[in-house]
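> Sequence:
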Amino acid sequence: MDQDVIKVYCNHQKVPLNKINTVYQAALIIKKAMGIKKGIEIKIDKKIPVTAGLGGGSSDAAQTLIGLNKLWNPGFNTQELIKFWYYPCRFWA
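Residue numbers (the working numbering): 24 to 116.
It is possible that some hints are incorrect.
What the hints assert, rightly or not - Straight line, CA to CA, 25 Å or less: simulated DMTMM-like cross-link-like pairs of lysine to aspartate or glutamate:
1) Lys42 / Glu103
2) Lys106 / Asp27
3) Lys37 / Glu64
4) Lys66 / Asp27
5) Lys61 / Glu103
6) Lys55 / Glu103
7) Lys70 / Asp27
8) Lys42 / Asp68
9) Lys42 / Glu64
10) Lys54 / Glu64
11) Lys60 / Glu103
12) Lys93 / Glu103
13) Lys37 / Asp68
To be verified - The following label-pair restraints were derived from C-beta to C-beta distances:
14) Lys70 / Asp27: 28 to 34 Å
15) Asn41 / Gln86: 17 to 23 Å
16) Lys42 / Asn96: 22 to 28 Å
17) Trp95 / Thr74: 17 to 23 Å
The hints are simulated quantities; they were obtained by calculation from the structure and are not laboratory data. For each residue, glycine too, the CB sits at the ideal point set by N, CA and C.
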């Protein structure tokens with residue numbers, strides 16, 4: 024995607040697709056850390072029930088960081104990726 028936007032899609036109606044979504048926040052934080060100016064589209068195939076307390080949103084965000092680290096190839100190690108997610112993403116928005 025050429026435009027500098029993040030678009031999140033999901034197969035579950037109750038999943039927010041805006042800045043409050045953990046996948047959106049993870050994509051935003053790694054984009055800013057890397058200085059990426061192009062956009063990304065991310066599709067979530069939700070299998071864990073929403074708000075079930077099973078860590079679905081957190082694992083979605085973690086996988087987003089791992090996937091974008093591979094896609095954009097900045098070479099961040101696991102500890103650096105953990106630090107990205109440790110800090111509240113809402114302050115990056």
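> A separate judgement is required for each hint: does it hold in the structure or not?
A quick look at each hint next to the structure:
1. Distance hint between lysine 42 and glutamate 103 is fulfilled; the C-alpha atoms sit about 22 Å from each other, no more than 25 Å.
2. A threshold of 25 Å between alpha carbons decides the hint, and for lysine 106 with aspartate 27 the separation of about 24 Å falls inside it, so the pair holds.
3. Distance check on the hinted pair: lysine 37 and glutamate 64 sit about 19 Å apart at the alpha-carbon level, within 25 Å; holds.
4. Between lysine 66 and aspartate 27 the CA atoms are separated by roughly 17 Å; this keeps the pair inside 25 Å, and the hint holds.
5. The suggested pairing of lysine 61 with glutamate 103 holds, with an alpha-carbon distance near 22 Å, which does not exceed 25 Å.
6. Annotation: proposed proximity of lysine 55 to glutamate 103 holds, straight-line Cα distance about 14 Å (limit 25 Å).
7. Pair hint lysine 70 plus aspartate 27 does not hold up; C-alpha atoms about 29 Å apart against a cutoff of 25 Å.
8. The hinted pair formed by lysine 42 and aspartate 68 meets the criterion: a straight-line CA distance of about 18 Å does not exceed 25 Å.
9. With a CA separation close to 14 Å, the supplied pair lysine 42 and glutamate 64 stays within the 25 Å bound.
10. Proposed proximity of lysine 54 and glutamate 64 is supported: the alpha carbons are some 13 Å apart, at most 25 Å.
11. Between lysine 60 and glutamate 103 the CA atoms are separated by roughly 21 Å; this keeps the pair inside 25 Å, and the hint holds.
12. Annotation: proposed proximity of lysine 93 to glutamate 103 holds, straight-line Cα distance about 14 Å (limit 25 Å).
13. Simply put, lysine 37 and aspartate 68 have alpha-carbon atoms about 13 Å apart, close enough for the 25 Å limit, and the pair holds.
14. Distance hint check for lysine 70 and aspartate 27: the Cβ-Cβ separation is about 30 Å, which falls inside the suggested range of 28 to 34 Å.
15. A beta carbon spacing of about 19 Å between asparagine 41 and glutamine 86 agrees with the range 17 to 23 Å that was offered as a hint.
16. Separation of lysine 42 from asparagine 96 is about 26 Å and conforms to the stated range, judged on CB atoms against 22 to 28 Å.
17. Remark: the range hint 17 to 23 Å for tryptophan 95 to threonine 74 is contradicted by a beta-carbon distance near 31 Å.
Hint compliance for this structure: hints 7 and 17 are broken, all remaining hints hold.
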